[in-house]
Amino acid sequence: MSKVRKIYKTEGGETVYGVMAEFDSPASLTHGAEKLRDAGYSRWDVYSPFPVHGMDEAMGLKSTLLPLVTGIVGLGGAGLGYLLQWWVTTRGYPTVVQGKPFDALQPWVPVTFEIGVLFTAFAALFGMFAFNALPMWYHPLLKKERFLRVSDDRFVICIEANDPKFDPDATRELLERVGGKHFDFVEE
Amino acid sequence: MSSIPPDEITSGRLSGALRPDRAIAIDPRTGDGTLIDDPSLRPALVLSNRGFHDITETVCGYVEQRPGGWWLPVFGLVSTLAGVGTLMILYLLVTGVGVWGLNNQVDWAWDITNFVFWIGIGHAGTLISAILCLLKQKWRTSINRAAEAMTIFAVICAGTFPGIHVGRVWMIWMVFPIPNANGIWPNFRSPLLWDVFAVSTYFTVSLLFWYMGMIPDFATLRDRAVLRMRAASGPTVAPFINLRQDSLRAWIYGVLAMGWRFSTRHWQNYEKAYIMLAGVSTPLVLSVHSIVSFDFATSIVPGWHTTIFPPYFVAGAIFGGFAMVLGLMIPARELYPNMKELITLRHLENMAKIILVTGSMVGFAYFMEFFIAWYSGNQYESDVFVYNRLLPPFISEVLGLERSAPYWWAYWIMISCNVLSPQLFWFKRFRTSPMAIFAVSMAVTVGMWFERFVIIVTSIHRAFLPGEWGMFFPTPVDILTFVGTIGIFITLFMLFLRFLPAFAMSEIKNVLPQASPHPHHTAHAGQH
Chain Z
1 MSKVRKIYKT
11 EGGETVYGVM
21 AEFDSPASLT
31 HGAEKLRDAG
41 YSRWDVYSPF
51 PVHGMDEAMG
61 LKSTLLPLVT
71 GIVGLGGAGL
81 GYLLQWWVTT
91 RGYPTVVQGK
101 PFDALQPWVP
111 VTFEIGVLFT
121 AFAALFGMFA
131 FNALPMWYHP
141 LLKKERFLRV
151 SDDRFVICIE
161 ANDPKFDPDA
171 TRELLERVGG
181 KHFDFVEE
Chain X
1001 MSSIPPDEIT
1011 SGRLSGALRP
1021 DRAIAIDPRT
1031 GDGTLIDDPS
1041 LRPALVLSNR
1051 GFHDITETVC
1061 GYVEQRPGGW
1071 WLPVFGLVST
1081 LAGVGTLMIL
1091 YLLVTGVGVW
1101 GLNNQVDWAW
1111 DITNFVFWIG
1121 IGHAGTLISA
1131 ILCLLKQKWR
1141 TSINRAAEAM
1151 TIFAVICAGT
1161 FPGIHVGRVW
1171 MIWMVFPIPN
1181 ANGIWPNFRS
1191 PLLWDVFAVS
1201 TYFTVSLLFW
1211 YMGMIPDFAT
1221 LRDRAVLRMR
1231 AASGPTVAPF
1241 INLRQDSLRA
1251 WIYGVLAMGW
1261 RFSTRHWQNY
1271 EKAYIMLAGV
1281 STPLVLSVHS
1291 IVSFDFATSI
1301 VPGWHTTIFP
1311 PYFVAGAIFG
1321 GFAMVLGLMI
1331 PARELYPNMK
1341 ELITLRHLEN
1351 MAKIILVTGS
1361 MVGFAYFMEF
1371 FIAWYSGNQY
1381 ESDVFVYNRL
1391 LPPFISEVLG
1401 LERSAPYWWA
1411 YWIMISCNVL
1421 SPQLFWFKRF
1431 RTSPMAIFAV
1441 SMAVTVGMWF
1451 ERFVIIVTSI
1461 HRAFLPGEWG
1471 MFFPTPVDIL
1481 TFVGTIGIFI
1491 TLFMLFLRFL
1501 PAFAMSEIKN
1511 VLPQASPHPH
1521 HTAHAGQH
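If you read the protein sequences in the order shown, they are chains Z and X. Here the first sequence stands for residues 1 to 188, numbered as in my numbering. Here the second sequence stands for residues 1001 to 1528, numbered as in my numbering.
The following block holds chain Z by itself, in its conformation from the complex (with noise of 0.2 angstroms):
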């Protein structure tokens, strides 16, 4: 891990966070990100104001672990949810009611299906604001204007400076080949 990593420099003296290029349609952003996966670059990304149909396998993205967590969490939801209705029913608070045993089963399905999707749904959320790092209020290319027309209707790709394939001028070169536009660099 004692590989130095590289800091670039503006002219204003700035440190560089990384390069960005336009692309004009879903179709060459989707082209320029598979020649970008197959050169090998590790740090970047694709911004676009949807989700383009395929760019997980043409960036070459792992698929996400957060299903499994969100599963794992909400059963253990649901289990938590059987266990609280088990306690109280049996050891809390019995109470008989039409003479039913105290640990019959059956009229805890509901409450324990409600906490489980309960416990699902605040995982799948958070989970994701986990996974991806959020709230992340500030970001570097949230200061260029030329970004935040992602929201509207451009597509972008930005490759970081601290990809070990990074190299201000072969990276840009790159992305021109690959149908970039627009170049820019990012200050941190």
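Treat the hints as calculated values from the structure; they're not laboratory data. Only a predicted model underlies this, so the values are computations on that prediction, with no experimental measurement involved. Please note: incorrect hints may appear among the correct ones.
PhoX-like mimics (lysine-lysine), calculated; alpha carbons at most 25 angstroms apart, straight line [to be verified]:
#1 X:K1428 / X:K1138
#2 X:K1428 / Z:K62
#3 Z:K6 / Z:K143
#4 Z:K62 / X:K1136
#5 Z:K6 / Z:K100
#6 Z:K144 / Z:K181
With chain Z held as given, fit chain X onto it using these hints.
Below, chain X alone, put in the same frame as chain Z:
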């Protein structure tokens, strides 16, 4: 494509401040061009050949531009109703449930009717956002946000009633399993307690789902506000206050957007989370109204003790909810400019078809109740249906019967609104006419309120012994509380249209033909 700063002319045209640039031609055969019966042709989901930028300008325009002159008077009216409703609730709290018309015999009436009515309204929103998402119905993208908002507001109205009907509302916390000095815990075998968990889970999950869907759109509103703020000076929030509207917007939408930056690595987790929320919301929505129906079905009251209740209630909830979606969206698409490009006649026709299907399911359930009452041979059960609901006095007179149903009018309002009126939608002319759809959806909304009234009040107003028979008469407080919740509901919905992204922009952009990464196959782009 626009230049930086945002294109004032496009924005004005799309939000109605300037004359619209494109008019929608109405063809007698295909309506706005979307009513094509040929299954090999895919009608456009968004009309007038709009691009990504147009979608942003239209939807953000509803939030950023002042609404038409109709807005303030309508908002004044509905928020006044909301205020009256709130005062009625306050009056109830300081006086007691005696201000309602409840009596020894009919101890659940408008309160629980309103509860079931509102909770049912919500179900269409979850159906559109979750079930239609799993079924990959792309037309849902332009109605899902508003329908989800409607769900949240309807559940707020619904949740009020069980809370206030307990009488001593300050004791309502005891429904939650909270350790307390008395060592008393709730009874987990009671369907009323299942209801507490079902409704609170439903509200929370709907809110999370709604919020997550809005994160990218909040980011769009944030970025536009930031761009405008940097480009020029704009209006301030109030005279002499040095805070610009756009910086307030950038702050509020910025915090809500959580720093979303449209990254593909983020979209990947986001889409997975979205589909999982849709996946759990689907059984959730079915469970919620099933559990609401258990409140009745697990009792031994004839008319309530029925195994058909869970599916019957769920179908009725979706039926009534779709009617409410249409009842809100048809006026909205008339009042807001360019909304007809997003909500096409095809959308309305699809929803009208769902009303027809679910209305017929509800009609079948009404018929089955009679069949089972007869087939079971249970005297109490058949008496509840024939003598408490069905027979008007003038018919029993003709038939020479001694008894008749005092609530026959409620029953027959329910049948004509819920079973007969949707049958109009067998005819294409009615299910593609916004006026006809609006009329039917209003009738269905009334009918679904009466359905709950019929189930609740007519079943208990005459118990097993004639000595226990009594009628229910609502007091003005009953009526004004219900009218007040309608006011609360519409007030919240109008605030939603004014301040939040009313359409899921990123989802609509994704179903445009231009969004396909394979431009040579755009003709099939809608079929992924």
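Could you grab the alpha-carbon distance between K6 of chain Z and K143 of chain Z and see if it respects the 25 angstroms cut-off? 23 angstroms, holds
Take a quick look at whether K1428 of chain X and K62 of chain Z sit within 25 angstroms of each other, Cα to Cα. 48 angstroms, violated
Measure nothing beyond the straight line between the CA atoms of K6 of chain Z and K100 of chain Z; if it is 25 angstroms or shorter, mark the hint as holding. 72 angstroms, violated
Quickly compare the C-alpha distance for K62 of chain Z and K1136 of chain X to 25 angstroms and report which way the hint goes. 24 angstroms, holds
Decide if the proposed pair is consistent with the structure: K144 of chain Z and K181 of chain Z, CA atoms, cutoff 25 angstroms inclusive. 15 angstroms, holds
K1428 of chain X and K1138 of chain X: Cα distance at most 25 angstroms? OK: K1428 of chain X and K1138 of chain X at ~22 angstroms, within 25 angstroms.
The earlier numbered hints that this structure contradicts are 2 and 5.
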